[in-house]
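Number of protein chains: 4
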Amino acid sequence: MGYFDHVGTVKFEGKSSTNPLAFKFYNPDEIILGKTMREHLRFGVAYWHSFTGNGSDPFGAGTALRGWNELSGMELAKARVEACFELLNILDVDYFCFHDRDIAPEGDTLQETNRNLDEIVALIKQHMHSSGKKLLWNTANMFTNPRFVHGAATTSNADVFAYAAAQVKKALDHGKELGAENYVFWGGREGYESLLNTDLGLELDNLARFLQLAVDYAKEIGFDAQFLIEPKPKEPSKHQYDFDAATTLQFLQKYDLAKHFKLNLEANHATLAGHTFEHELRVARINGALGSIDANQGDLLLGWDTDEFPTDLYASTLAMYEILQNEGGIGRGGVNFDAKVRRTSFEPIDVVYAHINGMDAFARGLQVAAKLIEDRAFDNVIEERYASFTKGIGADIVSGKANFHTLEAYALQNNPITNKSGRVELLRSILNQYIINV
Amino acid sequence: MGYFDHVGTVKFEGKSSTNPLAFKFYNPDEIILGKTMREHLRFGVAYWHSFTGNGSDPFGAGTALRGWNELSGMELAKARVEACFELLNILDVDYFCFHDRDIAPEGDTLQETNRNLDEIVALIKQHMHSSGKKLLWNTANMFTNPRFVHGAATTSNADVFAYAAAQVKKALDHGKELGAENYVFWGGREGYESLLNTDLGLELDNLARFLQLAVDYAKEIGFDAQFLIEPKPKEPSKHQYDFDAATTLQFLQKYDLAKHFKLNLEANHATLAGHTFEHELRVARINGALGSIDANQGDLLLGWDTDEFPTDLYASTLAMYEILQNEGGIGRGGVNFDAKVRRTSFEPIDVVYAHINGMDAFARGLQVAAKLIEDRAFDNVIEERYASFTKGIGADIVSGKANFHTLEAYALQNNPITNKSGRVELLRSILNQYIINV
Amino acid sequence: MGYFDHVGTVKFEGKSSTNPLAFKFYNPDEIILGKTMREHLRFGVAYWHSFTGNGSDPFGAGTALRGWNELSGMELAKARVEACFELLNILDVDYFCFHDRDIAPEGDTLQETNRNLDEIVALIKQHMHSSGKKLLWNTANMFTNPRFVHGAATTSNADVFAYAAAQVKKALDHGKELGAENYVFWGGREGYESLLNTDLGLELDNLARFLQLAVDYAKEIGFDAQFLIEPKPKEPSKHQYDFDAATTLQFLQKYDLAKHFKLNLEANHATLAGHTFEHELRVARINGALGSIDANQGDLLLGWDTDEFPTDLYASTLAMYEILQNEGGIGRGGVNFDAKVRRTSFEPIDVVYAHINGMDAFARGLQVAAKLIEDRAFDNVIEERYASFTKGIGADIVSGKANFHTLEAYALQNNPITNKSGRVELLRSILNQYIINV
Amino acid sequence: MGYFDHVGTVKFEGKSSTNPLAFKFYNPDEIILGKTMREHLRFGVAYWHSFTGNGSDPFGAGTALRGWNELSGMELAKARVEACFELLNILDVDYFCFHDRDIAPEGDTLQETNRNLDEIVALIKQHMHSSGKKLLWNTANMFTNPRFVHGAATTSNADVFAYAAAQVKKALDHGKELGAENYVFWGGREGYESLLNTDLGLELDNLARFLQLAVDYAKEIGFDAQFLIEPKPKEPSKHQYDFDAATTLQFLQKYDLAKHFKLNLEANHATLAGHTFEHELRVARINGALGSIDANQGDLLLGWDTDEFPTDLYASTLAMYEILQNEGGIGRGGVNFDAKVRRTSFEPIDVVYAHINGMDAFARGLQVAAKLIEDRAFDNVIEERYASFTKGIGADIVSGKANFHTLEAYALQNNPITNKSGRVELLRSILNQYIINV
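Chains as they are written, first to last, in the UniProt record's numbering: chain A, 1 to 438; chain B, 1 to 438; chain C, 1 to 438; chain D, 1 to 438.
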């Protein structure tokens with residue numbers, strides 16, 4: 001091995017370390033609120049960005065210098081497996097995630113493609129066995145190949161729907177084979193280019209049919225992974241059906257699929273939809289649908305998915321704040337780095353630096369969020385703000401005893417009304433103090 | 001009277017007229033697809049922009065020159081009623097819409113406020129009777145008064161919830177009194193400033209409670225108007241709960257309220273949420289929730305609600321295309337001009353010009369959309385695009401006969417797959433031709 | 001030949017034609033304001049989108065079905081030349097534009113790359129000679145190859161600056177050889193990823209040095225093409241130095257380069273910078289810098305360069321309105337379709353449909369704009385609006401006679417001030433009428 | 001006094017203080033890079049937000065509870081002066097800033113308006129004398145009054161231009177009277193609503209004329225304040241002429257005004273223009289035009305000027321990083337809180353909390369930025385990145401010795417080229433460490 005400059009395992013050295021190859025905040029064994037950082041965070045490395053991505057963008061060829069650049073076909077696929085487990089070891093990360101097409105090349109036929117996949121899955125299984133690393137989730141790439149030009153489950157072509165079904169069937173088989181804890185659906189081409197040529201009703205009905213068939217098949221084979229849908233509003237499609245958390249939940253409720261799915265939420269997808277990451281997490285949380293996260297960040301002055309490594313401590317703190325308050329925390333999900341090094345950071349070591357950056361940001365976020373919760377820094381404020389709903393007319397509203405007559409009678413004799421400041425600026429000061437002081 | 005320069009009723013003069021006070025496209029009696037333009041469009045004038053608005057913005061005082069500028073209190077309120085019916089006559093528009101606080105001033109107590117309202121409602125009723133004009137919808141303004149600083153139904157203060165209930169109770173009474181065809185809920189302050197101090201779950205539960213109480217009360221008094229919710233993603237709140245059509249439907253489904261509500265969709269709110277207007281209309285349509293529209297347009301290079309009069313023929317055509325394809329068209333809803341003249345268009349006559357602009361744009365949109373539908377210009381394309389789902393494996397998918405086994409078997413022997421171009425550019429050329437030629 | 005389905009030359013058939021392969025508005029010989037449409041518009045086909053582009057995007061492989069897909073190397077390059085001249089004939093378009101790397105493959109060395117280029121340039125010259133087609137502009141692609149990862153003229157690596165100089169030197173030689181009427185600089189990588197590692201001052205100084213060297217060399221070889229800079233605010237870079245028209249002019253003024261350069265303005269780049277296309281054209285026009293345009297359109301709800309074929313008649317009308325009012329019109333520039341068929345429009349014929357769409361949109365825009373000017377539809381309004389600056393105190397202001405003392409004296413006795421409405425809504429109605437009626 | 005809850009002077013208590021009325025980071029006497037924090041930061045309080053603003057927004061009335069709410073006219077104006085100096089004392093801030101119309105009410109005539117102003121200016125002068133507080137800058141509000149509906153210096157009405165001149169003349173007199181260190185021009189209405197009715201060339205010429213007259217008058221009266229222009233891209237106008245730093249510099253260069261003006265840059269204006277704050281500061285810095293800053297922050301998911309108190313430590317650090325590297329630091333400028341408490345933070349004490357929040361954020365930013373500079377944390381990286389321009393071919397490029405011939409010769413023999421990673425992720429990790437550790 002040695003795809004990443006023969007770097008040894010990155011260790012925790014504390015916040016003042018000047019060693020670029022050390023963790024400053026991520027201490028896997030540190031206990032926070034009764035669990036280790038490792039258990040809270042369940043970090044995952046994303047196969048596509050770190051082993052398949054090459055730094056290309058719409059205006060430029062790949063820049064990434066990688067030890068496998070000269071390889072191709074199955075040889076390349078095998079090298080990437082080596083590289084993946086090398087990086088997991090360097091980072092001391094337990095999980096990884098992949099699309100089927102990340103790990104093995106397509107063949108001329110679906111049969112050949114599946115044989116390629118089977119071979120690499122077997123190899124990955126060996127590595128998992130020997131290393132103890134685990135599969136956080138797998139998924140099927142149904143957006144890269146030109147056959148999915150009009151969508152997969154929402155294609156206008158029934159042949160493509162059938163192909164997509166076959167592909168997901170195989171991916172579910174492989175997920176089971178590798179003991180995946182989750183299975184993700186991200187519909188990069190499940191959307192439309194123009195309403196002028198789109199039968200929106202049929203496409204959404206078909207998407208629901210597809211998901212139900214996947215649920216049925218997983219049950220049939222006894223694959224008990226948590227199914228996750230990953231919302232994104234746009235890109236590559238002009239409009240994508242799983243626009244954001246609320247839209248996805250609306251769809252799942254309408255088609256009676258909500259009980260089978262949770263959400264895999266991504267920071268950059270949230271901001272593209274006009275939301276903060278913590279908003280999406282909160283929406284999922286209060287609907288019992290917070291499943292897993294794709295940790296990255298966007299550039300809010302850019303209008304596309306930049307998939308940067310997460311470094312903003314506000315975002316990581318508020319994300320962990322939602323996760324810690326979620327029943328069971330992140331549960332079977334994890335913190336998957338759906339993030340890529342910048343095209344200008346093209347050396348292998350940058351991949352290591354970038355993961356350290358992201359892991360430290362989330363570790364710090366975990367520390368800060370845990371302290372905020374322990375101290376009830378915001379909880380006390382919220383409890384007091386809504387106290388009026390725990391007694392008198394407020395309690396009647398919540399319990400269902402009040403109606404428009406009783407409420408009007410109350411209002412007519414209750415003059416004037418006094419509100420209290422929301423104190424946002426003070427709360428933000430407190431957040432800054434916690435980020436620095438914890 | 002004479003608030004609008006003693007302009008007589010605006011007449012249709014045809015598309016080549018150079019009379020700025022004539023309709024070029026809106027011919028109320030022209031029959032389109034079996035109904036008159038008047039019946040299709042059911043235009044409404046918005047009280048707040050045309051009679052209460054004064055051209056102020058966050059950086060400047062009102063500029064509007066209006067005949068009622070020297071008045072105040074109930075005298076002002078009465079003058080505005082006169083002005084409203086004058087403008088309806090000038091424009092030959094049948095409907096108007098108002099918030100309770102548009103039509104009458106608040107008093108020192110809710111009792112006094114209600115008395116003011118009762119008096120103006122009685123005056124409006126007289127004018128409706130004598131003129132034959134009708135109330136498209138009314139609504140309660142629960143965002144301007146400081147008491148609603150933290151929301152109305154989603155306030156942190158139970159006293160405010162009670163006040164809001166009393167206010168909506170009165171508004172429902174008035175809606176019934178005036179024979180309103182719809183009643184609208186727009187929650188300008190139903191949202192949050194910061195998640196740091198917000199109990200999102202409680203606020204949404206309370207919103208559902210509030211809406212159910214309104215449904216119950218309307219039933220009790222026999223007010224059978226269509227209830228409508230108007231989505232908007234942000235502004236004034238940082239985040240508003242009724243973000244867009246899908247989010248609002250998710251909420252309604254979750255709380256079992258969907259059967260009682262449809263949507264009142266606004267163009268500028270759609271674009272602020274990152275959607276085209278036709279997208280929002282389509283989403284509502286396929287969910288049986290297209291209730292009414294607020295006709296205006298935003299400036300997509302500006303990030304706030306500009307509420308411009310709708311002039312873009314693409315937008316008006318595609319909006320009418322969705323409405324014509326909606327079962328029952330716009331139904332009990334209408335095309336309400338939630339639009340204001342620019343602050344720089346401050347003369348009374350600009351209000352007339354602006355409505356002519358908007359009515360002509362929608363009339364032209366109706367003509368174009370009707371012809372597109374009659375000619376099946378897009379329908380034939382769509383039918384052919386999705387033809388594979390009407391036979392063979394596609395029919396099996398739609399009927400529920402297919403499963404992952406049969407689909408995989410099909411896919412394994414079906415190589416290669418052939419897709420067809422979506423032809424977006426050609427369809428756009430056709431749309432241009434229709435807009436010019438119809 | 002036959003890369004485009006053996007389509008014959010597209011003819012003008014008039015606005016009611018239902019022939020998808022006919023022009024509805026573009027009639028090359030129609031006289032408008034004393035010149036033919038052909039002379040006004042000087043349409044160009046963009047080599048990169050129509051012959052080199054393949055429909056790939058960051059999430060998917062190329063979908064384009066093209067007759068040259070099986071070819072590679074110089075054989076591919078030659079096929080594309082054939083295809084280019086075939087399409088120019090089909091569309092009856094006089095001009096084309098290319099980057100050096102569009103037309104010939106890079107070799108292992110710059111020497112080999114240049115030999116490849118020379119060979120294809122010779123082939124293109126033959127085709128130009130036999131067909132009479134002309135080169136609107138050429139340019140150097142200094143953004144695709146990984147060597148330009150940190151920029152070309154603004155790189156942090158002097159070796160790359162030297163390479164870029166060598167590349168532009170060759171491109172200027174080829175421009176002269178082919179009689180290019182313009183030469184374009186678009187700096188896709190001339191910008192920064194992060195200020196943390198960027199010496200902004202040095203990079204901009206070097207950009208100025210580079211441009212001066214290019215000016216010097218062109219003069220030396222007697223290449224008298226108009227030099228053009230094409231602004232774009234971002235993408236691929238996080239920030240690009242030629243952000244918009246004003247920023248580019250600031251740079252040119254600062255480094256005393258303004259006399260040597262005009263601007264090549266693109267609609268989609270304008271909207272990415274937060275401007276309308278007509279704004280950018282107006283800014284260039286009043287600074288004597290309107291050189292040429294890249295005709296396309298963006299999707300204002302998407303945050304990246306979609307490079308759609310221009311179809312919006314408002315945009316094409318207002319663009320042509322600026323061009324017609326520019327001294328000398330588009331001059332030596334032209335209307336280059338820097339536009340690509342959607343990934344879902346992957347058949348060769350879509351390229352033809354798309355250009356017809358764009359040419360018709362601009363032809364209609366030209367007709368409408370010319371009529372607006374002939375009728376002084378807006379000019380009369382403007383003349384009257386600013387009339388106060390032609391007499392009295394206004395004339396003193398413009399002539400420089402007024403000062404703060406005389407102005408104060410005037411203001412103190414001039415009370416109240418009366419303004420007139422800007423009439424925007426009425427002007428928009430008039431614009432709609434012209435678009436439909438002309 | 002006692003407009004702010006009789007709060008005593010806020011003291012520095014250190015980063016672990018839980019006293020909401022103490023500074024955690026701002027220690028005015030702490031020495032950083034040889035100067036006190038007080039000298040570096042030169043904080044200013046903005047009259048308009050803190051004493052004139054009332055918490056209203058386009059959808060709601062003012063919510064602010066203030067001790068002067070019952071007053072009006074000159075009595076109100078005088079109370080606000082008291083409140084201003086009270087707050088300056090509470091915060092131990094040395095500077096304040098105002099628009100003419102913030103401090104005194106307009107009368108029926110310009111004469112009366114000026115008398116009101118004179119009276120309050122005299123009162124302010126007394127307070128300044130007794131308290132030692134200073135005027136960072138004053139400015140003229142030429143956007144609120146309806147007379148400026150079409151602009152002030154860029155109006156279409158010469159009478160308005162004259163009025164604006166008279167207003168600025170008075171403001172310059174008052175600036176001199178109070179010893180203002182700067183004078184600011186922010187052109188809220190200097191822009192356009194629509195190009196359809198706008199003579200862009202004349203408006204910009206007039207703007208230049210106006211500024212030159214102001215320069216001339218200031219010279220005449222011996223007012224030696226630094227003149228500053230404050231860019232903003234839009235809002236309230238659809239387009240504002242001083243769009244961003246580069247656009248403003250282009251204008252100043254074109255009209256030969258650059259030597260008389262520097263820029264007053266605002267964070268929220270930067271982001272509305274699509275830039276980071278640090279970008280705008282850097283652009284100003286390398287052009288010798290960094291004059292002063294308006295410290296606030298926007299919400300990048302909202303499209304309007306939210307003017308939030310600055311709390312983001314990344315932004316405050318990178319702003320101070322630019323200022324520290326500017327020759328002379330902030331110079332005669334300062335850090336003015338052009339920021340308002342949220343409408344939901346309506347109690348007087350929130351104004352104090354909010355300023356503490358902002359002052360601490362900038363104090364921390366100053367500490368972090370100073371340490372980054374002392375340690376050359378980024379400077380070393382930059383020096384190494386651009387080292388190739390200090391020798392060999394790079395030195396020839398910079399010195400002007402190289403030309404296209406010598407560069408081509410060099411490039412032809414220099415194969416392959418090797419670039420180095422830009423290391424953005426690592427640099428971001430380092431920034432996080434500094435923010436936490438300093």
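Please keep in mind that the hints were generated in silico from the structure rather than gathered at the bench.
Any given hint might turn out to be false.
[Stated by the list, open to error] Straight-line alpha carbon distances no greater than 30 angstroms define the calculated DSS-like cross-link-like pairs of lysine-lysine that follow:
hint	chain 1	residue 1	chain 2	residue 2
1	A	K254	B	K238
2	B	K125	A	K391
3	B	K170	A	K401
4	D	K420	A	K11
5	C	K11	B	K420
6	B	K238	C	K238
7	B	K15	C	K401
8	D	K254	C	K259
9	B	K219	A	K254
10	A	K219	B	K420
11	B	K254	A	K254
12	A	K170	B	K391
13	D	K15	A	K15
14	D	K125	C	K259
15	D	K170	C	K420
16	C	K238	D	K371
17	A	K170	B	K420
18	D	K219	C	K401
19	A	K371	A	K420
20	C	K391	D	K219
21	C	K254	D	K391
22	B	K238	A	K219
23	D	K170	D	K238
24	D	K15	C	K401
25	C	K254	D	K219
26	B	K176	B	K134
27	D	K371	A	K11
28	B	K420	C	K15
29	B	K219	B	K125
inquiry  = Run through the hints listed earlier and report the numbers of any the structure violates, in increasing order.
reply    = 2, 7, 10, 14, 22, 24
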